[in-house]
Amino acid sequence: MEIERRSLESRQASARDMLRGDLEGEDLERYVEERVVTTTFEKMLNLARANSIFPLTFGLACCAIEAPISIVTARYDLARFGAEALRASPRQADLIILSGRVSIKMAPVVRRLYDQMLEPKWAISMGACSSSGGMFANYAVVQGADKFMPIDMHIPGCPPRPEAVMYGFNKLQRKIMGNPDQGWRRRYNALGTEEWARGGPASKPSIESTEAYELARELAVTEGPAGA
Amino acid sequence: MPDGPGLELLRGEIDVDAPGAVLATSYDKERATLIVDPARIVEILTWLRDKPGQGYRFLSSLHVADYLPAEPRFGVHYELLNRERVERLRVKAMLPAEGPEIDSVTPLFPTANFQEREAFDFFGVVFHGHPELTRILLPEDYVGWPQRRDFPVGGEPVTFTYSEERYG
Amino acid sequence: MADQRAFPQGLVDEDPAAPTVADLYGELDADRTTEVMTVNIGPHHPATHGVLRLVVDLEGEVVRDLKPVIGYVHTGIEKSCEDKSYWKVIPFVERMDYVSYFFQMEAYCGAVERLIGLEIPPRAKYLRTIFLELNRIHSHLVWLGTTALDLGAISMLWYCFRERDRILDLFEMATGQRMHTRYFQVGGVIEDIPLGFEEKCRQFVHDMPIRVGQYEALLDRNEVFLQRTKGVGIVSHERLLDLGVTGPLLRAAGDPWDLRKAFDYLAYPEMDFKIPVGTVGDNYDRYRVRVAEMVESTKIIGQALEALPGGPFIADNRKYVLPPRSELSTSMESLIHHFKLVTEGFRVDPGEIYYAIEGPRGELGCFVLADGSAKPARVHFRDPSFVNLQSFRDMAKDSYVADMICSLGMLDPILGGVDR
Ligand code: SF4
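From first to last, the protein sequence lines stand for chains A, B and C.
Counting from 510, one number per residue, gives the positions in the first sequence under the working numbering.
Counting from 52, one number per residue, gives the positions in the second sequence under the working numbering.
Counting from 10, one number per residue, gives the positions in the third sequence under the working numbering.
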């Protein structure tokens, strides 16, 4: 059935009727059609995932003042995009913002934090330093965080303005709505390395996920890692 | 800051109590420097700190500079401050390139603790008598003394895909 | 993260046959609770203000010993500086202590200017003073917001960052960047302030003391805040001096030591301002001193704006300073100077200098060693956070863990400055 746009008044009127219980027949049908969106379960799940991200409270260097702190404060207010709940523990977070330079001493720690986050998880590398080493091409800085962990989004700048971080965040949301795991496992040939919460029902891989794993593995073997 | 003549007077006074400990003086850009014998650094700093009329009681900064290719190569700088007279004085001890070592001044100035560790970390200068001389900023298992001048800066050359494709 | 060997909790949910804590140790007895346990806090911990790691010996809830482990953002900036020409070093040094970037620039530029004997024009002095003091307020605001957040006063973060954004707007207006502005240049500042800046800055100077009053109204009679800060983290004055502590921490112990008064640099000798000091040296005094400093800084800015002299904003010495843009198309000589400065930079005769200014956390010193080439042979920063951090053990020893967090906040270390 075609849904045509009705004026606000007429929609309000039918909503009122609905509440009173006066709506019936054709009108009721149309009312329901207007409010129901049919979609797949995955899409709905991804919509929910993208709009309820819990970032990790995590700062490395200068960028940390701009990203995790400034963007939650009053002027920029990340809460508009459903990501104001910063989590201090990586086990409760699903987004890590690498805000700053990663030194050789910090890199194992960052990797460990990332490994502790539960699936599905995303990583934003913010600023020139964590994306490429930035201006610090020297003995102490890892030249780009994607040397040791997968990154979903790079935000350029030194430091990026909070607006830039928010733009990057919106882009990430859009990516999540399309393809939540971003395909990096296939890219890095890392299928089967997912971590799940221990002790829960999913601690043993279910039949379906084993099958899916086998299938994906086969695909990866026949097609090779994406982008190769 | 002690001025040029003041510096010479200071040197004369030190020479009375610790003959031969001051090797040279220099007065440059309105900054006075005593260049001292590294083996007697604790003696001199104690003198400067405790001698009545001196009172350089505050160690602002301790750092090392690498004077490659000069020999002796490493200079340990002690930036002293007299807060009453608002005077700064730099004491410098030059160490050889092979096995640079000097006595720690941590018992005298507890503030030197971290700074000596930093100097050890970056230049490999050994401070005898330091309570815990380990690497401080770099990982424990790091090899090399990265801020010596003959240590490479490191990093990676930047290659752009465009130029790689184009010029191979 | 507790010591894994003493409490093998990881085994418990997975394997029901694994021994529980009670099996291992019997009924918990009184002795067990007083056993000293080593706990690791950080490097990723929201209360350590960056990537500081603390190894703490706890007896019950009381800190018996503590060791800060640093170096997690060690960036090798001092090494990178040796590889750049003098004026390309400026953006590097800014990124050390990333909350007080103007101070780093001033310490470095001032050191180089003294090395080459370059006098900066009066307008540049005043402009630098204005920006330094704005930066001091900014730094204290970041400190107040995050520290109050640690103590549970979450709304402080919102208020402090509101004012911080206003300061950043001013920075952006004059320099084009919010952080890491590279505004100071050897010889002066890189550009004059734009039209309308003075007015906006005056408005800020007018508003800021009112805002500070609001912060005080929120915190000064807040019972929780008072109980958690008063009488906590006291270190004696002598010990602080021995440890080389400077800045608000030293002033909170009642010592009016401030390099702005002691040495004359920039326009500070012409300014009329006071140095707030504390009496006891506890965390409450540290808070009071910093808040009072914000008000004093606004006074300095106001006076500097009033007395802002005209004239050039950068020294007129073609050997060290870029010629104005307009001359490039008319004068061959300017073009040559410009080319020379941009490609090679200027050379500095051999010499060494240690120049210290009063940063928001204490004495910020810069040591520059020149070897006659166009690149510095060594740039070293005496960072106040790095030195002050040594006093943390004395502050937190034999206090509760919660007080340790409070003391750390009041110490205000910026890890980028600690590790460099
Ligand atoms: S990108 Fe720039 S602002 Fe961000 S951490 Fe690196 S140097 Fe600092």
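Don't read these hints as lab results, they were simulated from the structure.
Do not take every clue at face value.
Think about it this way: if two alpha-carbon atoms lie no more than 27 angstroms apart in a straight line, the pair counts; the simulated BS3-like pairs of lysine-lysine are [as the list claims (entries may be wrong)]:
#, chain 1, residue 1, chain 2, residue 2
1, C, LYS328, B, LYS80
2, C, LYS239, B, LYS80
3, C, LYS384, B, LYS143
4, C, LYS384, B, LYS80
5, C, LYS97, B, LYS80
6, A, LYS656, A, LYS680
7, C, LYS93, B, LYS80
Among the chain A residues that face chain B by a calculated CB cut under 7 angstroms, a handful are [said to hold, decoys possible]:
#, residue
8, ALA616
9, ASN647
10, TYR648
11, GLN652
12, LYS656
Positions of the beta carbon are idealized from the N, C-alpha and C atoms, including for glycine.
To see whether the hints hold, each was checked on the structure:
1. C:LYS328 <-> B:LYS80: holds, 19 angstroms
2. C:LYS239 <-> B:LYS80: Since the Cα atoms of C:LYS239 and B:LYS80 sit roughly 46 angstroms apart, the hinted pair is violated (cutoff 27 angstroms).
3. C:LYS384 <-> B:LYS143: Given pair C:LYS384, B:LYS143 holds - Cα atoms ~23 angstroms apart, limit 27 angstroms.
4. C:LYS384 <-> B:LYS80: Holds, because 19 angstroms separates the two Cα atoms, which is no more than 27 angstroms.
5. C:LYS97 <-> B:LYS80: Holds - the C-alpha atoms of B:LYS80 and C:LYS97 are around 23 angstroms apart, at most 27 angstroms.
6. A:LYS656 <-> A:LYS680: Holds, at about 22 angstroms.
7. C:LYS93 <-> B:LYS80: Holds. C:LYS93 to B:LYS80 sits at ~23 angstroms (cutoff 27 angstroms).
8. ALA616: Given a least distance of 10 angstroms, the restraint on A:ALA616 is violated.
9. ASN647: This interface hint holds because 5 angstroms falls under the 7 angstroms limit.
10. TYR648: holds, 3 angstroms
11. GLN652: holds, 5 angstroms
12. LYS656: violated, 10 angstroms
In this structure, the earlier hints numbered 2, 8 and 12 are contradicted, and the remaining ones agree with it.
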